[in-house]
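Required output: the full structure, derived from the provided sequences and hints.
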Amino acid sequence: MFRFHRSEERGFSMVEVLCAMAIAAMALVVLLRGTQQSRSAASYLDSHLGARIIANTILQDEMAARSSDTSPREGDSGVYRWRLRVEPASIAGLRPGARLNRVTVTVTWPKGSLSLDTLKLRE
17 MFRFHRSEER
27 GFSMVEVLCA
37 MAIAAMALVV
47 LLRGTQQSRS
57 AASYLDSHLG
67 ARIIANTILQ
77 DEMAARSSDT
87 SPREGDSGVY
97 RWRLRVEPAS
107 IAGLRPGARL
117 NRVTVTVTWP
127 KGSLSLDTLK
137 LRE
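Residue numbering for the sequence shown follows the numbering used here, beginning at 17 and increasing consecutively.
It is worth saying that the hints were derived from the structure and are not from the lab. As the structure is a prediction and not an experimental result, all values here were calculated from the model. No residue lacks a Cβ here, since even glycine has one placed at the ideal position from N, Cα and C. Do not take every clue at face value.
Stated by the list, open to error - Distance windows between CB atoms, simulated:
no., residue 1, residue 2, range
1, L132, I39, 43 to 53 Å
2, G50, R118, 35 to 45 Å
3, R26, L61, 50 to 60 Å
4, S93, V45, 34 to 44 Å
5, G109, H64, 28 to 38 Å
6, N72, L110, 18 to 28 Å
7, A57, T134, 26 to 36 Å
8, K127, G50, 16 to 26 Å
9, R118, I39, 52 to 62 Å
10, M42, I107, 57 to 67 Å
Take a look at the structure:
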């Protein structure tokens with residue numbers, strides 16, 4: 017008859033250690049992927065917010081101006097390029113003699129673009 021003797025040494029077997037390392041490696045990959053996606057989303061939102069601020073500023077300046085200049089204008093601010101267009105617009109039911117302009121600003125940057133528009137009543 018065979019007898020098994022228990023060893024006094026305590027610890028983990030090689031298989032247990034390898035399994036634990038494999039699980040830890042998979043968890044690390046998932047965490048790193050999530051971190052990268054978060055960084056990418058934050059970068060996109062940062063760029064989009066910058067473009068929106070520029071577009072809003074240009075629209076506000078145009079709305080405050082008394083000028084009736086309808087020529088296109090463009091410029092840049094860092095990595096952002098913007099273009100302002102002012103075109104005649106019409107809406108049914110507008111009081112006689114009133115004239116309307118559609119004001120559109122488009123901001124582009126290396127990874128995207130954004131357009132905002134509004135209507136401006138001409139005097």
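Structure versus earlier hints, numbers of those that do not hold, lowest first: none
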